[in-house]
Amino acid sequence: MSIFTEPVGLSHFLVVGAVLFVCGVICMATKRNVLGVLMGIELVLNGANLNFVAFGSSVLRPPGTEGIGMDGQMIALFVIVLAAAEAAVALAIALSYYHAHATVDVDRGDELRG
Amino acid sequence: MAELLISISTPDWLAHTIAALVQCGLLLAIALCSAAVGIWLERKVSARIQDRLGPTRVGGRFGWLQPPADGLKLICKEDIIPTAADHILFRIAPYICFCATFCVFLALPFANGWVAVELNAGAFFLLAVAGLEIFGVILGGYASGSKWSLYGAMREAAQVVSYEIPLGLCVVVVVILTGTMNLVEIGNQQAGWFFNWHIFHDPFTFVVFWVYVTCAVASSNRAPFDLPEAESELVAGFLTEYSGFRWVFFFMGEYASMFVVSGLGALLFLGGWNGPIPIASLLGLTPDDGDVFGWIGNLLGMCNFIAKAFAGMTFMIWLRWTLPRLRIDQVITTCLKYCVPIVSAMLAGVMLWSFFLPGGLIAALTRPASFPRSAWERTDSKPDSFPRSAWERTDSTLRVDGMRDNGRVQEEAWRRSLPAVRSHAERGNEGDFQEESR
Amino acid sequence: MQAERAQSDTVEFDVRTDEMLINMGPQHPSTHGVLRVVLRTDGEVVSEVTPHIGYLHRSAEKIAEKLTVRQYLPYTDRLDYLAAMNMNLGWALTVEKLLGQRVSEKTRHLRVIVAELNRIASHLVAAGCFGLDLGSFTPFMWTFREREKIVDLFEEICGARLTYSYLLPGGVTAGPPDGWFGRCEAFLDQFDPVIDELHALLTSNAIFIKRTADIGVLPPEMAIDYGCTGPVLRASGVDWDLRRDGEPICTEMYDGYTWQVIAPTGGRYPDDHPYPPVPPEAVVGDSWHRFYVRMLEVVQSMYLVRQGIEKYSAADGELDKPIKIKEKLPKGEAYLETEAPKGQMGFMIVGDGSAVPWRVRIRSSSFCNISALPEICRGVLIADMSAILASLDIVLGEIDR
Amino acid sequence: MDTINWHSCFFLLLAAIACGFAVAVVVVGDIVRMACCLVVSLAAVAGLFFLAGAEFLGAAQLMVYVGGTMVLLIFGVMLTARGPLVSMKIGGGQWVLALVIGVALFAVLLQAATSTSAWNGPKANDQAAVPAAAKQDDGAAAEQDAAGQLGLGLLGVREDRLHRQDKPVLLGGMSGYLLAFEIISVHLVVVLVGAAYLARARRRIRNPESRAPNPESP
Amino acid sequence: MNARNIYDLLLQPFRPWLTGHDFEAIDPWIEVGGEGLPEIARFLRDQDELAFDVLHCVTAVDYFEPDEKKAAKVQWQPHLELIYHLSSTKRRHRLVLKVKLPRWKGDRPGELPEVPSVSGVWSTADWHEREVFDLMGVRFPGHPDPRRILCPEDWEGHPLRKDYQMPAEYHGIPAK
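Read top to bottom, the protein sequences are chains R, E, Y, Z and X.
Using our numbering, read the first sequence as starting at 1 and increasing by one per residue.
Using our numbering, read the second sequence as starting at 1 and increasing by one per residue.
Using our numbering, read the third sequence as starting at 1 and increasing by one per residue.
Using our numbering, read the fourth sequence as starting at 1 and increasing by one per residue.
Using our numbering, read the fifth sequence as starting at 1 and increasing by one per residue.
Hints were generated in silico from the structure; no laboratory data involved.
It should be emphasised that the depicted structure is a prediction, and the values quoted were computed from it without experimental measurement.
Do not take every clue at face value.
To be verified - Over the 10 Å line for every Cβ pair with chain E, so calculated as not near, a few chain Z residues:
| no. | residue |
| --- | --- |
| 1 | Ile17 |
| 2 | Val23 |
| 3 | Val27 |
| 4 | Trp95 |
Stated by the list, open to error - If you want the footprint, here are the derived chain Y segments under chain X, 3+ residues with CB under 8 Å:
| no. | region |
| --- | --- |
| 5 | 59 to 68 |
| 6 | 76 to 89 |
| 7 | 151 to 157 |
| 8 | 298 to 307 |
| 9 | 354 to 368 |
To be verified - Quick partial rundown of chain Y residues pointing at chain X, CB under 7 Å, derived from the structure:
| no. | residue |
| --- | --- |
| 10 | Gly54 |
| 11 | Tyr55 |
| 12 | Glu96 |
| 13 | Phe181 |
| 14 | Ile224 |
| 15 | Ser371 |
| 16 | Pro374 |
Heads up, the beta-carbon is just placed ideally off N, CA and C, and yes, glycines get one too.
Here chain R stands alone, though its shape is the one from the complex:
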């Protein structure tokens, strides 16, 4: 019984989601570039999204069990849309930060300024 012949289940997806999530967290922690941090956030959101979709998918469940159905996909859809909006705002902030400081290093932005 190899992995190639066995059907994938929910937990397989969850593992992938976990990997993405953790990568995103590490990315957020270790990057000094504003945009790098932003990319970490995207990864985290995607990991979460994958979980939502997996939970909602009827293909991945053993028969008879009940998932969250359509809700999973709908939440994932909202997450995608919100992530897009978040990216736009974050990018705009990054740009004006860059104009103000001539750098995109998050560690240098330690003062509040109007």
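Guided by the hints, dock chains E, Y, Z and X onto chain R, whose structure is given.
Positioned in the frame of chain R, the structure of chains E, Y, Z and X alone reads:
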């Protein structure tokens, strides 16, 4: 095909892999051929417009072997990577560009059921994947390490992202009309005479079609919207530092994407594989008349579709050799100040029209308007029916479903061969089967 | 509009980016040769333009100090190589001015014919390249097809297709072959409708108007200040043409000809013509007008060629023989500007009594026209740069000399 | 059992791509390459969505995320990428800290993902039951028109509950996610305007046409 | 208005700077002293009856005979002559201004002679003066951008001078 291989005692996994590779090869061939024919067409049409002859000798008459000859020459050329370039990205970019275009062919139906992967969200998938092409362009432009390339990449990003909005809205208009995003179904709903085509559905769709044409030209970077590679301003834009076969990949990508947007336009608005006159059904070549006749009918349909796609390409070529290029601010203005508002208004118009006169223009002229019962009433009164089908699920779509069942021989061959969707296909068949037996 | 712009010092940018220095040229498709323009850009907006010339410098003035004036003639071909006849004519007239000579009637009319034909050819190249620089390739092929016919005519008359060396000081190398004037007229007849086609393809094209109208506006005062001449000056509304307003030796050549100087004075072009009207967006002195003036001048040149052919056949006498190879030059200096297609082409010859000039000075029109580039390109978009450069219609051969 | 489950194979392939490039995002220093790796990873996630039967979502992921957001991101990278800013390193200590936290988090998540038995997939010996289950859950319908279902779901019509007696198809008095949908729409508009405002910069440059002296150097 | 009338008009305000004239030449000219050039130029441009709004050309002639045998025969002393060709689009008349200069400032070889720039009066002079500086070696104090224009920035010598020697090589490129 996989079944055939299994029957001659090939291992199951090998059989499926071979079948998948053959299918991919077939698709690749279609993509490359469309690009090659596009290049040949470009050379001939531009030559006619400019009082020239164009290629005449290569391959005997009409220079029909010119594109392969060009390709051979370009592949033999020196492959130059500038020192300032980001080597890895510079190498990857052309493949991204080409692969994205190629992936679109996966979901592009050529005739009723003749599609590699029949996706429910086909139209959406097509738009999404076609939009990935710009990654190759942006990366190529950035990685070249040249300011002109960077400008080309920036322009590409600004332009294509802007034009995705009206392009998407144009598709949404058709999706609202048909009630499905399945391209095969969209094509089948336009069967019959040419007035069944969506472009003639109502005045709004007619306008939307022209907006689609504008956006399609813009999103495939063709003149007058060819700013990313504007040769008189940016030397060659993102292509400045590319040479040899990497350049060929970009080029192929461009022509293949021209074919794709033309094909999508034909599918959405111009009846897809349905000719202006339903010759196939008049001659008795529908799937109802038997497999062989159905197959011949489909072949005719494919010719029809390809002819429409190339007509679209010819139109784009004609535009390119006639018009000067727009400026970047004018390109964005065209998108945001004209295309988006127009198509939004048309979207509202189409919604109203299909609510009051669901049958289209011809139906509106021949039949008195009947106010449809709302979907809600139906849902309440008949909870077992599919509410999603709402009021669009008219007789025609049911008929189409029947046609699809009969044309399953080819369809299944396509489906089974692509393993990713095999299980899905099986389940789909299972469902259909039970419906039938019921 | 002008006043409004002048009032505010603040320019608002949507997204500010780093300033970037870009070399446009010397290998760039729309710099018409080896011009190099350094652009300081902010995104797509050009904030400063610095032309760098000299890549084609070949010491034309120094060479002239080693050759007699007749030997030097082929070098004038290479100044504005798209209008070599007019370069020859300028040189010939300057030498004649220094020598105090005048040519016969027949020579005069022949000179008018070839000079005006070359003006048509040069303006055709300008129009075609204008289209090319705006991204439309077809007009280029169409105009070159017509130019090719003119070049064929020149090949018949002098054997060369680009560097003619035909109009020598004192005369011409040889008379036209039999039937040449007939072929000239045949060309003009078939060329008439082609002009309409070009107008349809470019002048009245909506995108063309959007790309050129109100772009690179050169006000008349600035044009005069920078010494801009030719169609560039006239498109700014200055009614000035050396064929009419020049020194006697120039204007005498056109005695008895009826034609008009094309300049939009008071916002109007001189005559009713069947060509597309001025679009409301266009401002006098912008790129569109520079293109339009050339297109209308082509028609005037056609009138002149037709009249020249008529007058040549009617004129008595023979064609003049050119001066001797080693004709001695008098002491003194003569400066003469003639109306070449791209503007006023000036030659100065300082004679010291020998056959070789002591000093020759070449004042080229493109040199002055392009010196206004930094002024008119401030704040335009990169795409406008190529439109403006195309509208100035420069030839690096005469800028760098 | 020697029949290859292609679904699993493709899952493994896409999962490997998604995870591999996600790790690459963390490891790679160059910001542009990072963005590229992220693109590939996200595209693979879109593929996983397809495998999970969420076609519409997969396409949406490709279009919005990969096509829109990432282009925006790369745009931003290109706007701000100047030599020293392309790759910025951080100290080893921080790396170690981040890794420790990351690994711990991963361990917890892994434990959670594999421990619940109900989350394990349909075993191979249950395969005979799959079509039946699909039918019961109306899985076929779910695959037939996922987008339509999704749309109706937003409106509160739960088609996936058609065959369930315990939950209502139409929630009385509720409209599903309609409110959330509307809020997000408004939110998006606000975000667009806000982003445009933030990125906008006023500055003074010397206007060439007014020859007055420059009041403030740029 | 011919050169003689213009000369009469100039005589009143600028008598000390008018150093010579020739009204019988092919192109009649007036010679002025270099230091008074900008004022005269401004006067020529702004005076309504003169209105010389166009500067066609600025050029220089090097009167120097490197060949000693021939040098004995010439009538002039070695010098440079700057020539300004002016005309008016309003009044339709022409004028040639000349400025005589020593070949070297203070006759010390290598020190370039100087003439105040007129680029503030006619913008045409901007590039033309750069060209004269580049090829003939005359400095124009007051010029906004005194760089070489045709030759490379690091070129040595001024090619149009009669005693100019072409360098043997330029950045490793043999020039002879």
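Hints versus structure:
no. : hint       : verdict
1   : Ile17      : holds (13 Å)
2   : Val23      : holds (17 Å)
3   : Val27      : holds (14 Å)
4   : Trp95      : holds (23 Å)
5   : 59 to 68   : holds (count 3)
6   : 76 to 89   : violated (count 0)
7   : 151 to 157 : violated (count 0)
8   : 298 to 307 : violated (count 0)
9   : 354 to 368 : holds (count 6)
10  : Gly54      : holds (4 Å)
11  : Tyr55      : violated (9 Å)
12  : Glu96      : violated (11 Å)
13  : Phe181     : violated (35 Å)
14  : Ile224     : holds (5 Å)
15  : Ser371     : holds (4 Å)
16  : Pro374     : violated (10 Å)
The earlier numbered hints that this structure contradicts are 6, 7, 8, 11, 12, 13, 16.
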